[in-house]
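Novice: Please model the complete structure; the sequences and the hints are all you need to start from.
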Amino acid sequence: MFRAADVLLLMPLSVFLPPLWGWSASLHTAGEDPPLADGFDFPVGAPHAHGYYDAQSFGENYHLGEDWNGNGGGSTDLGDPVHSVATGVVSFAGDLGGGWGNVVRVVHAYDDAGRVRKVESFYAHLDRVHVREGQLLARGEVLGTIGDADGAYIAHLHFEMRDRVGLPHGPGYSDRVTGWLSPSEFIRRHRPAARAQDLHAVSTRPPR
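So the sequence shown is numbered by my numbering: it starts at 1 and just counts up by one.
Calculated directly from the structure, the hints in this document are not laboratory data.
Nothing here was measured: the structure is a model prediction, and the numbers come from that model.
Hints are not guaranteed to be accurate.
[What the hints assert, rightly or not] Label-pair distances were calculated between CB atoms; the ranges are:
| id | residue 1 | residue 2 | range |
| --- | --- | --- | --- |
| 1 | 117 | 138 | 18 to 28 Å |
| 2 | 114 | 51 | 33 to 43 Å |
| 3 | 192 | 168 | 24 to 34 Å |
[What the hints assert, rightly or not] Distance condition first, Cα-Cα at most 25 Å in a straight line; then the derived DMTMM-like pairs of lysine to aspartate or glutamate:
| id | residue 1 | residue 2 |
| --- | --- | --- |
| 4 | 118 | 141 |
| 5 | 118 | 33 |
| 6 | 118 | 185 |
| 7 | 118 | 163 |
| 8 | 118 | 38 |
| 9 | 118 | 133 |
| 10 | 118 | 175 |
| 11 | 118 | 32 |
Note that the Cβ used here is the ideal one computed from N, Cα and C, for glycine as well.
Specialist: And the structure:
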């Protein structure tokens, strides 16, 4: 269970981090759009976030993402798998240091009423990274494991969704949200066809 002290540990150690403009593709042709995604799932407890809760939601305390923690609370989820939310191409994979630790970013293309749009998913504080830049990922493929940014926080996944591809890594917290999306809201609106009627409600509090 998250206590007040635990929530403080989710705050970033640094405010602004080095920018990343554009995305590289060592295994995927540079500039080529990723394949169209067939839907989006949750990054933990795939596909429905089973066994996890959103400890700090998008917009809470100016948070630009969601902090996913296992139902056991604390660091009980350390080393749990983190999944790509949809088919996409890895745009960054590496250690940013500071308050971020290991980070993976993935660019996704999807059909929006006949128009192809792109979004970028962002997975931070990872313990291990299993992918590299340019790698094509399938929806649900494991890209790394939940970490604690080298002991900076209790273990959890900081997860963001962005509708502007290639934004700087970002501050993690800001009152300016242009370019960032509410992750769970976006995922729920773009579930795979087979899960279109899924009414799974994402918990924002640990189980009692």
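Novice: Determine for every hint whether it applies to the structure shown.
Specialist: Here's how the hints hold up against the structure:
no. : hint                    : result
1   : 117 <-> 138: 18 to 28 Å : holds (20 Å)
2   : 114 <-> 51: 33 to 43 Å  : holds (37 Å)
3   : 192 <-> 168: 24 to 34 Å : holds (31 Å)
4   : 118 <-> 141             : holds (19 Å)
5   : 118 <-> 33              : holds (9 Å)
6   : 118 <-> 185             : holds (16 Å)
7   : 118 <-> 163             : holds (7 Å)
8   : 118 <-> 38              : holds (13 Å)
9   : 118 <-> 133             : holds (17 Å)
10  : 118 <-> 175             : holds (23 Å)
11  : 118 <-> 32              : holds (12 Å)
Against the hints set out earlier in the document, no violation occurs for any number.
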